[in-house]
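Chemist: So the chains spell out like this:
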Amino acid sequence: MIDLDIPNEKILLAAQQTIYMVGIALIIGTILGAAMAVILVLTRKGGIRPNKIVYGILNAVINVVRSIPFIILMVFIMPLTKAIVGTRIGTTAAIVPLVVFIAPYLARLLESSLLEVNRGIVEAAQSMGATTFQIIWHFLLPESSGSLILALTNGAIGLLGATAMAGAIGAGGVGDLALTYGYERMNFPLMLFTIIVLIVFVQLIQVLGNFLSRRLRHK
Amino acid sequence: MIDLDIPNEKILLAAQQTIYMVGIALIIGTILGAAMAVILVLTRKGGIRPNKIVYGILNAVINVVRSIPFIILMVFIMPLTKAIVGTRIGTTAAIVPLVVFIAPYLARLLESSLLEVNRGIVEAAQSMGATTFQIIWHFLLPESSGSLILALTNGAIGLLGATAMAGAIGAGGVGDLALTYGYERMNFPLMLFTIIVLIVFVQLIQVLGNFLSRRLRHK
Amino acid sequence: MIQFVNVSKEFSSSTENVNALRGVNLTIEKGDIFGVIGFSGAGKSTLLRMVNALETPTAGQVLVQGKDLEKIPPAELRKERKKIAMVFQQFNLLDSRTVFDNVAMPLKLNHISKVQIADRVEKLLTFVELSDKWDAYPAKLSGGQKQRVGIARALATQPSILLCDEPTSALDPKTTDSILQLLQKVNRELGVTILIITHQINVIQKICNRVAVMESGRVVEQGTVLDVFSHPKESITKDFVSTVIDDHIPESIKKSIATETRNSTIMRLHFLGSNSREALISAINKKFDVETNILFASVHELQGTVLGTLVLQLVGPREEIAAAETYIQKSDVDFEEVAV
Amino acid sequence: MIQFVNVSKEFSSSTENVNALRGVNLTIEKGDIFGVIGFSGAGKSTLLRMVNALETPTAGQVLVQGKDLEKIPPAELRKERKKIAMVFQQFNLLDSRTVFDNVAMPLKLNHISKVQIADRVEKLLTFVELSDKWDAYPAKLSGGQKQRVGIARALATQPSILLCDEPTSALDPKTTDSILQLLQKVNRELGVTILIITHQINVIQKICNRVAVMESGRVVEQGTVLDVFSHPKESITKDFVSTVIDDHIPESIKKSIATETRNSTIMRLHFLGSNSREALISAINKKFDVETNILFASVHELQGTVLGTLVLQLVGPREEIAAAETYIQKSDVDFEEVAV
Amino acid sequence: GCGETAFSSSGSTASTAQAKKELKFSKSQGPYSELFQKGVQPILEKKGYKINAVDMSDLSQADSALNDGEVDFNVEQHVAYMNNFNKTQNGHLAAVTPIPTVPAGIYSGSKTALKQLTDGSKIAVPNDAANTARAYVLLQKAGWIKLKAGIEPTKATQEDIAENPYHIQFVEMKSLNIPSVRSDFDFIVITGSIVYNAKIDPSTALLEEDILPDLMLHLVVKDSDENSQWAKDIAAAYQSDEFKTYLDKNNNGLWTVPDYSKK
Ligand SMILES: Nc1ncnc2c1ncn2[C@@H]1O[C@H](COP(=O)(O)OP(=O)(O)OP(=O)(O)O)[C@@H](O)[C@H]1O
Ligand SMILES: Nc1ncnc2c1ncn2[C@@H]1O[C@H](COP(=O)(O)OP(=O)(O)OP(=O)(O)O)[C@@H](O)[C@H]1O
Ligand SMILES: [Mg+2]
Ligand SMILES: [Mg+2]
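Chains as they are written, first to last, in my numbering: chain A, 205 to 423; chain Z, 205 to 423; chain Y, 90 to 429; chain F, 90 to 429; chain D, 52 to 314.
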């Protein structure tokens, strides 16, 4: 095998770190992102519970967060990170900015998916006396599930990309390995190898996403 | 006014550079991304022209490109950049990696939008003897236009984020200003100011996107 | 009881305004099977959708059991809506759920236990003859099968008001009949008030007790089915009634009448109720020297009352025909001479 | 000419297989208006969708003008499809296009000039009475309006074959009639072959010349409308025919018959063609000492031929009734005694 | 499973100053951390220290972490940078001792000698905060530009250029990327870590900077730790003969050594 100039355990650890960060941040980010998406869809003009103020604020907050380059975002929310995980460096600490980064992004993707649900479905739900929560849970989410899964797939891949930058706060991970030990040290074999690892990750995520979305799409 | 410690012309220039990069890369990226999305949708299992090989290759290529951190991507495709724009550095040169970055990303978003089009619409098109191109142009694209616009909005914002990193090859732009002159030099007033500029950009893009998508959505 | 008080609905867009309803006044009593007919675009669906507040009037009031659904708080609106089931014109099934789950949905929303849901859904699916399709997704169903799922779903919760927007448009006559019988059954046995939009007048004829006729957003005629069908006043109502209680003389008969050289008169008789049975034609034949040809005949039963139409040609000497006419006049049967 | 040769279609999924068509043989001649009826889920839509290869058979062949659309290259398939227009059961309109653009779409695909398109679309929209809705989007249309847009779109290109999947299910009878007249007109004047699925047997009655009856994926009966309607063989066909050519004695009449104490017989007479006009009842009344009560009557016109049904009650002495029966028998009218 | 042990919690060992033997430093890619790990760390380990490295690719983040006590020291910055950090972010960092530093240099792009400079030449300049000023000062040394009088040499920017007689075009970009696009420029200015990472022979430099004291890299700790035993031990390790020997063996023209090593 090619000598990558760095111990195998380091690569293994990086892979674990990446999976850990992407996994946790995706779960939390999905919950927050979905909540925001749902609120956007509910409160928008013509939505189920139109509310200009809530919509306007949330819309703006999402835009603000999405405007800030990730590296600066990491710095901005350091106090928050510290408050939540007790430290501002390391893999666990990276999850906070990753969540803050991915949640609004997912919110936009999920919002778009939810908007594709036929109005008739919502009317059916309303005619059954469904609560707003039930409309979301039993109608909007399942009906757009195929598209939601693709959005999450997209989010997971975007998250994987962001973890590379989380190396700035000592989070490690394969992307950081590619960037620092590969790219910065101009260690091309390592860079290639780590990118291949990333490709495998992306491919796995996408295949899984496509598969699930196809299964959930019954049109 | 607060002293930003950097001449106004520099900020203006950065804004111009950002608009230039995002604009051109978005246009080219949209064309390429849409083409890829259409090919994915056509050739997928159960699509209008199923073709495992084409689908498989394109799907993999998109995944590969999306796996590579943007900063590394910029370096990887430098030969391509040189071949296309004659130089590997500067604002115009940055457009090449930006396109390579955004096109597969948009491809995924647009693919997801196109998949939401009702099968009956495609059948109507087929029953009229529409060519594959006509099906795409007159049926798939218009029917998903609301969702497509949201995808492009998302893409444009993602692109804006990526331009920040394009400073690495001397492309300039507001994001780079925020990162290098604001963040790295710890010039907080400048950082804040540039971020506000970015927020304004994002807000404008989003408002425009929401408006257009709402207008195009006739469900 | 559902009351429409001066209800108007205007859909406005940047380019134009559509007056879907214009000052509708209508009362649907508890236990009614109330039919609404009218041309396409007359405002029927809009009217129906106001009963569960899917549409709100731009003027006037809709009162459901005395409540203005537009004015009550959301929680109460939901409670009221649970008592009002709806069969949608476009079905509005969940593509992501199986037939079973679609029908089970309203029960699930009511927190019924799984066992009870399974039991009830199974019964409903058996009834709409879809028990073999319980785990199919809507995309794999035929048009009529989808419609039947929609009907089963609406019946799942045993509502007190059932709104049906063309519930049998995609169904064959036999399935239509069985659905109508079911509707009649729930109406009789559970006292469910049913509001039904339909273009198939035989649907109205078979199960409705009252009917409203709509034209361009207005209710132009309403009353018991028997009244409206036997004595339609508005020309639109006559048009509608004539499509089912057809009293047009077939073309081919008209042609052969034209070849008749003897003296003759053509008249249209309307029988209502038991007098359809009276041996009027027998009597004419026996009493007068005329030959009676039945050019056209139809008998319909509306709400247990028979409504008959007969187009007769009387052939014979002028005086005899006149005498026969006088006889008919006395016999309490509506009649009119018709020109061919 | 459209030929189905031994066509079967099996939809298979992981959980189960649905045999939507089972060995269908059918020939639709050029110029036919061919009706297909059958219960919901019988396979009608599947059959229709094979004519323009939206569905392909799992066994057998579908030949359209001698060509197996499954076998020809894509370019040729498109050319053939342009000659075959379709009205979809679920309309399948483009939500993102106005009514005008929806109807214009097939013309646009054929590269017709804008001026001609505008002209033609305007005519079509006027015809389907939607000229005031030309710039509305489908979401703002009523069910029937959507269906009319679908019909206008199908007629836009003057196809040589027109496939209609329940084209009038959402329409009121009057609009239905005008659409049917248009279909008849394009059939007569332009020789368009029309294949029409419908549950409304009066649609078949009014415009079809031939009909096929489907049950569980099979064509169980086919022939001219007159044959099939006047002499239905299969029980399903009888069921269908009876829903339109109803010869059931209304319940209320049955009840009042039960109170008749005199000697009487009830018989059902079938008239076909001109003999419906014969003054049979007149003659009976005059020749025999019986009283004739018309319990039920209906007259239908099928393809220009009159089909009449009469349920008569003869009241009188046993011998007289017997004599009257013999007389009827001689008069070449089908009849049967019925028990009530 | 993964996570906690290897790369997060740090605080526990930090407080007890007298006994502190376990140290954590933020590491970045390049020669400085490597020099520390190869040349200095072994000396400290012999003294009973246990050194943990945390990869932190961003210096500003690394300083924040240091300032917060999440790590104990770093060896990645010059005093000018540190002072700026202290000033703008209320930092309490202190420079303990200078350490060997790699000088920035002008290297050839498409031109191979300084005298080939022509009007309108294109020169790559690092865009990172720590190094842009160095580059302009170096270009001034070459006599190609003149900076405004009285400008602080550690803070010079493009705007501080008073005279640019050759109308040189400066392209500020990520210094890491400069080597790979060398031929797009006439000349490039890169700092030592880039020279090191790109495996450029430092002897091919056309002109090297005179490292100002403020631009000499330093061992940096939190000011409260400045007088701690461990900080002194690290400084001592840098200044030890053992380290000098190591450096002499591995210098190959890269390092500019602080005065203490110049004996
Ligand atoms: N894509 C499909 N996958 C699986 N089963 C299908 C599919 N399409 C139709 N079917 C099944 O095939 C059978 C015939 O369907 P088809 O749509 O032809 O019926 P139909 O006669 O048109 O009924 P309707 O009058 O209700 O429209 C039905 O049982 C239906 O559930
Ligand atoms: N959301 C809407 N926006 C604008 N116009 C609408 C909207 N919904 C309905 N309309 C218009 O209001 C009128 C009445 O529509 P409605 O759906 O009530 O008719 P309908 O009587 O149910 O017709 P059909 O029998 O064809 O279903 C129509 O002209 C229709 O185009
Ligand atoms: Mg309607
Ligand atoms: Mg069908």
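Keep in mind that the hints were calculated from the coordinates and are not lab data. It should be emphasised that the depicted structure is a prediction, and the values quoted were computed from it without experimental measurement. Watch out, some of these pointers could steer you wrong.
Said to hold, decoys possible - With a straight-line Cα cutoff of 25 Å, these simulated DMTMM-like cross-link-like pairs (lysine to aspartate or glutamate) come out:
#1 249(Z) / 99(F)
#2 423(Z) / 221(F)
#3 273(D) / 119(D)
To be verified - Partner residues aside, some chain D positions facing chain A, computed with beta carbon under 7 Å:
#4 105
#5 106
#6 107
#7 108
#8 112
#9 116
#10 135
#11 169
#12 170
#13 249
#14 251
#15 252
The beta carbon of each residue, even a glycine, is placed where N, CA and C say it ideally should be.
Chemist: Okay, which hints does this one fail, numbers in order?
Modeler: 10, 11, 12, 14, 15
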